[in-house]
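2 protein chains.
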Amino acid sequence: MRQYEMAEFEWNAPAPKGSEAQIDLCAVFTDGEKEWTVKGFYAGNDTYKVRFLPERPGRYSFTATGSVLDGPISGIFTIEPAAEGKHGPVRADGIHLRHADGTWFYSFGTTVYALAHQSEALMAETFDTLSHSPFNKVRLCVFPKHYNYNHNNPKYYAFKRSKAGEGLTFEVEEGSQVAPMSEVTDASVNNWDVHHPCYEFWDAFENKLKKLAALGIEADLILFHPYDRWGFATMPQQDNLVYLDYLLRRLSAFPNVWWSLANEYDLCRAKSLEDWNEIEEFVAANDPFHHLLSNHNCLKPWDWSRPNVTHVSWQSKQMYRVGELQQKFKKPVLFDECRYEGTVPESCGNLSCRQMTQHFWHVTTCGGYCTHGETFFPGTKEAELNTATGESEVVWWARGGRLHGESPARIAFLRSVIENLPGPLEAAPAGLGAMAGKSDDEIRAFLAGVPDGYRTFIQGLIDMGPAERDKFLSVEFEFAGKTADDSAFLFYKDSQCCSAADIMLPQDGTYRIELLDTWEMTRETVMSGVSGMTRVIMPGKPYMAILAIRE
Amino acid sequence: MRQYEMAEFEWNAPAPKGSEAQIDLCAVFTDGEKEWTVKGFYAGNDTYKVRFLPERPGRYSFTATGSVLDGPISGIFTIEPAAEGKHGPVRADGIHLRHADGTWFYSFGTTVYALAHQSEALMAETFDTLSHSPFNKVRLCVFPKHYNYNHNNPKYYAFKRSKAGEGLTFEVEEGSQVAPMSEVTDASVNNWDVHHPCYEFWDAFENKLKKLAALGIEADLILFHPYDRWGFATMPQQDNLVYLDYLLRRLSAFPNVWWSLANEYDLCRAKSLEDWNEIEEFVAANDPFHHLLSNHNCLKPWDWSRPNVTHVSWQSKQMYRVGELQQKFKKPVLFDECRYEGTVPESCGNLSCRQMTQHFWHVTTCGGYCTHGETFFPGTKEAELNTATGESEVVWWARGGRLHGESPARIAFLRSVIENLPGPLEAAPAGLGAMAGKSDDEIRAFLAGVPDGYRTFIQGLIDMGPAERDKFLSVEFEFAGKTADDSAFLFYKDSQCCSAADIMLPQDGTYRIELLDTWEMTRETVMSGVSGMTRVIMPGKPYMAILAIRE
Numbered sequence: 008m009r010q011y012e013m014a015e016f017e018w019n020a021p022a023p024k025g026s027e028a029q030i031d032l033c034a035v036f037t038d039g040e041k042e043w044t045v046k047g048f049y050a051g052n053d054t055y056k057v058r059f060l061p062e063r064p065g066r067y068s069f070t071a072t073g074s075v076l077d078g079p080i081s082g083i084f085t086i087e088p089a090a091e092g093k094h095g096p097v098r099a100d101g102i103h104l105r106h107a108d109g110t111w112f113y114s115f116g117t118t119v120y121a122l123a124h125q126s127e128a129l130m131a132e133t134f135d136t137l138s139h140s141p142f143n144k145v146r147l148c149v150f151p152k153h154y155n156y157n158h159n160n161p162k163y164y165a166f167k168r169s170k171a172g173e174g175l176t177f178e179v180e181e182g183s184q185v186a187p188m189s190e191v192t193d194a195s196v197n198n199w200d201v202h203h204p205c206y207e208f209w210d211a212f213e214n215k216l217k218k219l220a221a222l223g224i225e226a227d228l229i230l231f232h233p234y235d236r237w238g239f240a241t242m243p244q245q246d247n248l249v250y251l252d253y254l255l256r257r258l259s260a261f262p263n264v265w266w267s268l269a270n271e272y273d274l275c276r277a278k279s280l281e282d283w284n285e286i287e288e289f290v291a292a293n294d295p296f297h298h299l300l301s302n303h304n305c306l307k308p309w310d311w312s313r314p315n316v317t318h319v320s321w322q323s324k325q326m327y328r329v330g331e332l333q334q335k336f337k338k339p340v341l342f343d344e345c346r347y348e349g350t351v352p353e354s355c356g357n358l359s360c361r362q363m364t365q366h367f368w369h370v371t372t373c374g375g376y377c378t379h380g381e382t383f384f385p386g387t388k389e390a391e392l393n394t395a396t397g398e399s400e401v402v403w404w405a406r407g408g409r410l411h412g413e414s415p416a417r418i419a420f421l422r423s424v425i426e427n428l429p430g431p432l433e434a435a436p437a438g439l440g441a442m443a444g445k446s447d448d449e450i451r452a453f454l455a456g457v458p459d460g461y462r463t464f465i466q467g468l469i470d471m472g473p474a475e476r477d478k479f480l481s482v483e484f485e486f487a488g489k490t491a492d493d494s495a496f497l498f499y500k501d502s503q504c505c506s507a508a509d510i511m512l513p514q515d516g517t518y519r520i521e522l523l524d525t526w527e528m529t530r531e532t533v534m535s536g537v538s539g540m541t542r543v544i545m546p547g548k549p550y551m552a553i554l555a556i557r558e
Numbered sequence: 008m009r010q011y012e013m014a015e016f017e018w019n020a021p022a023p024k025g026s027e028a029q030i031d032l033c034a035v036f037t038d039g040e041k042e043w044t045v046k047g048f049y050a051g052n053d054t055y056k057v058r059f060l061p062e063r064p065g066r067y068s069f070t071a072t073g074s075v076l077d078g079p080i081s082g083i084f085t086i087e088p089a090a091e092g093k094h095g096p097v098r099a100d101g102i103h104l105r106h107a108d109g110t111w112f113y114s115f116g117t118t119v120y121a122l123a124h125q126s127e128a129l130m131a132e133t134f135d136t137l138s139h140s141p142f143n144k145v146r147l148c149v150f151p152k153h154y155n156y157n158h159n160n161p162k163y164y165a166f167k168r169s170k171a172g173e174g175l176t177f178e179v180e181e182g183s184q185v186a187p188m189s190e191v192t193d194a195s196v197n198n199w200d201v202h203h204p205c206y207e208f209w210d211a212f213e214n215k216l217k218k219l220a221a222l223g224i225e226a227d228l229i230l231f232h233p234y235d236r237w238g239f240a241t242m243p244q245q246d247n248l249v250y251l252d253y254l255l256r257r258l259s260a261f262p263n264v265w266w267s268l269a270n271e272y273d274l275c276r277a278k279s280l281e282d283w284n285e286i287e288e289f290v291a292a293n294d295p296f297h298h299l300l301s302n303h304n305c306l307k308p309w310d311w312s313r314p315n316v317t318h319v320s321w322q323s324k325q326m327y328r329v330g331e332l333q334q335k336f337k338k339p340v341l342f343d344e345c346r347y348e349g350t351v352p353e354s355c356g357n358l359s360c361r362q363m364t365q366h367f368w369h370v371t372t373c374g375g376y377c378t379h380g381e382t383f384f385p386g387t388k389e390a391e392l393n394t395a396t397g398e399s400e401v402v403w404w405a406r407g408g409r410l411h412g413e414s415p416a417r418i419a420f421l422r423s424v425i426e427n428l429p430g431p432l433e434a435a436p437a438g439l440g441a442m443a444g445k446s447d448d449e450i451r452a453f454l455a456g457v458p459d460g461y462r463t464f465i466q467g468l469i470d471m472g473p474a475e476r477d478k479f480l481s482v483e484f485e486f487a488g489k490t491a492d493d494s495a496f497l498f499y500k501d502s503q504c505c506s507a508a509d510i511m512l513p514q515d516g517t518y519r520i521e522l523l524d525t526w527e528m529t530r531e532t533v534m535s536g537v538s539g540m541t542r543v544i545m546p547g548k549p550y551m552a553i554l555a556i557r558e
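Chains as they are written, first to last, in the numbering used here: chain A, 8 to 558; chain B, 8 to 558.
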């Protein structure tokens, strides 16, 4: 057993009477310094398990108790140091993310909502694609997904059927338009017996999580979502908590899981704000290993200032607000849906490859983290290439298969740039953008120190008033970031076609300047020994970036 | 003398004593129904003139009086009907623009600030360029312009020098960086004797206005601006009014002039808001022919609701707000600076050709009017091609010369599309954008009528609150417009790469659908006889538009 890998303990005993989800089994682990209380679960087939995620090597002891055992069970075990390449669970560190061993985690996410609910052939193809992709995080759902281009029933569901659910087939005519979510707000649909998990489902699902871990990919697990025809979105709240209890017993010791309470919580009309607060509290209280936890919106942002929330998980194209959110929440800022590269009619899914690449540069330059998705229209030539499995309507964003957009290669280039920086970036907007999110008084204080010619502009920002100023700055924003110690500055020139660019660097110390073509994926050192205001000669074309590294 | 052309009456008499700008000469014109009181001006060389702009054919009489004449002079004259192609001055009609004869005027502007302050060779080249361009409006300054890439002194200035101005050379080292505007706020710089116009200047300037008229181009005259080293921006207010008095006496009868009180009034630190109000009032009161009048901002918008203001003249990239401004001001909405196509380092001047084209489509689709400018970086290969005159640092946006951007051809295509519509467009945003600028209560009222699946989204917009909603809608906006009578609908799909698009048309009547490639400049009828919700098959690439014309 090794540091940062799940340690599993199991015993055989007769199946529980009554609930198979909420059983009386608990273990206390200690390394002599710290203590972890971990609930066990029934895994089917007369097997009980307790899982533990060790974060330090050394000698541990444990004692398991509970009515499903004949009596307390104790033991001692040793955790070896981490295997090479294993860095432990990812946690927030200020506005950034680090593995438990301190390694920075620069999140480059993608989205395959129903990854785990596909045919074995398709899932194999998806993992193969991921293994060649730049992505180190995947957003995926526990429950299956019902939406346009997503009509298949999964092989397994998380639970056995209830009386009400018996005999339901859940079939949908392929190719038909589907309402994305039901308007049901009466949380009493009860097709499922949450007290009786479907063990084949959970075994298969865990298998996918392990495959992701083996690829170095974090699993941003979506616990609820509104795109449903099976009744998972409308279960009674008491069933939601039983489901979460079982899930947390099974999955909390996986090193690579994050908890995303929902995809688009605000479209889940069957749940009230009180329900969500209870869900958030339950997940936080029942995860002994404190994985990342957030909640994801469609329209109204979740309140990411809540103490249980570890990071911002925002669906938005308001890229210029990375710095504002870093300041406001003091937490990592993830743009977990900036729309999808593709060609579907739905406005969420027809970003050009250039736009998706721009979105990644916008967010990443400011020290935020961006998440990709891909939605080429089924039936078009591009989409036919999407899978070798022969299945129709395979769209990456929900079902996986093949990526064939042009942004992933550019995202890989960006990742290589970022991972070679001396440290993580934070927003340091250039030009007037530095005034974004500031109050009149803050801008007045800044005004005193600016050069004459520039003062008129800054005064103008005050004269505009906050509402017009916000709107003005949102379209004038220039994306720039820097490391906390000024060792690196990144200026993303976006669609600006400059033949020259003026950048402001610190006066103390000198910098080497690299010119990056974010579309052609080239980088070249063009200056060295510079400091202060510096004019960089540019090629007069869009999608260029300037990187300054302290010498 | 013809309808819609300036009628000029002149007399010889000795030069005035004292002020040559504000002389005692006035004429009353009447066609028997209506009366116009028009001030005359001294044109130098012992010549006095009175100018009149007749808007109807027929018999007119006039009586001129004033101390510069020996006694009253009366006369009768006939105005012939308009020559072919002469439609009269442009005026506002609701949110649109029409010539006096009722012909719609679809403004497609460009910007050559210092057009009239260049060498004869360069000005000839500029007019030649304009004659082949899609532009029917030019923004140009009365005073010369001092800015980066604009260092030349003009041949003539509007006035003779004052004592303080004698001997000043105003030279600037070519290629040096210049502060764009002075921070002088003491409006007492007095290099010029405004009571003694420089007649060579005015004759030459009028010549340019006539050349524009001959090309069918409106002259959006900028009366003040901050980019100055000669002292025009810092004249005392009493001198500003004398200057305006003389200008209005001379130029009000030109059919093709508009009054733009300023370029970037809010950067003119020497003028207070009271000064601007007085200037606005003075111009409106002293123009007997009521030309279009507006004021143009850098940051803080002018209050376009003021009664003297005929239209919105906004510097902005907030294209999604066309409809909001139409609703708010009930006046034509002109985006008179959406930044410039080019490659200069200044963020105002490095739009790609694609972006400039997009801006025109954004604004025009919503029934607004957009103004172009071009700023290729001097010294680059592109800029060398800019002029055949051998002058350096010739940038179209200030000095004219040659256009070599790729947007003008696309703007010409757009103009041909718009001019062949049955009437002018007004904003009719598609999708959630229809909620932009609406209050919670207005959205609640709308909510009652929307289909089930969509209701959740609309409710979400209410839940977001106005501030977040505004920001959300600003990045989700989908540009669409329609004629008031539903005879045409235009959907600009912008950078969306759809393989199909769903558009909503009225149920009554049928429509012919054209697919427009706004970049490749092609149009093709792809459907006919359709109504209601219609799916249009698209090529999955950006910059497409859909035009629906009622059959």
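What the hints contain is simulated information worked out from the structure, not anything from laboratory work.
Watch out, some of these pointers could steer you wrong.
Copies of the same chain look alike in the list, so a pair counts if it fits in one copy or across any two.
Unchecked claim - The calculated DSS-like cross-link candidates involving lysine-lysine, where the alpha carbons are at most 25 Å apart (straight line), are: (1) K307 <-> K478; (2) K41 <-> K307; (3) K478 <-> K24; (4) K307 <-> K445; (5) K56 <-> K445; (6) K478 <-> K335; (7) K56 <-> K217; (8) K548 <-> K445.
Exercise for the section: Classify it for me, K548 with K445: is the Cα-Cα distance of at most 25 Å met within a copy, between copies, both or neither? Expected result: neither (32 Å within a copy, 38 Å between copies)
Exercise for the section: State whether the alpha carbon distance between K478 and K335 is at most 25 Å within one copy, between copies, both, or neither. Expected result: both (19 Å within a copy, 17 Å between copies)
Exercise for the section: First find the shortest C-alpha distance between K56 and K445 inside one copy, then the shortest across copies, and answer within, between, both or neither for a cut-off of 25 Å. Expected result: Answer is neither; intra-copy 53 Å and inter-copy 56 Å both fail.
Exercise for the section: Indicate which option fits the pair K307, K445 if close means a Cα-Cα distance not exceeding 25 Å: within, between, both or neither. Expected result: Cα proximity of K307 and K445: in one copy and across copies (22 Å, 17 Å).
Practice task
Indicate which option fits the pair K56, K217 if close means a Cα-Cα distance not exceeding 25 Å: within, between, both or neither.
Solution key: The answer is within: 17 Å in one copy meets 25 Å, while 91 Å across copies does not.
Exercise for the section: Tell me, please, which holds for K307 and K478 at an alpha-carbon limit of 25 Å: within, between, both or neither? Expected result: Result: close both inside a copy and across copies, 19 Å intra and 11 Å inter.
Problem - 25 Å Cα threshold - placement of K24 relative to K478 - result: neither (61 Å within a copy, 54 Å between copies)
Problem - Status of K307 relative to K41 across identical chains (alpha carbons, at most 25 Å) - result: neither (39 Å within a copy, 59 Å between copies)
Checked against the numbered hints given earlier, this structure breaks hints 2, 3, 5, 8; the rest are met.
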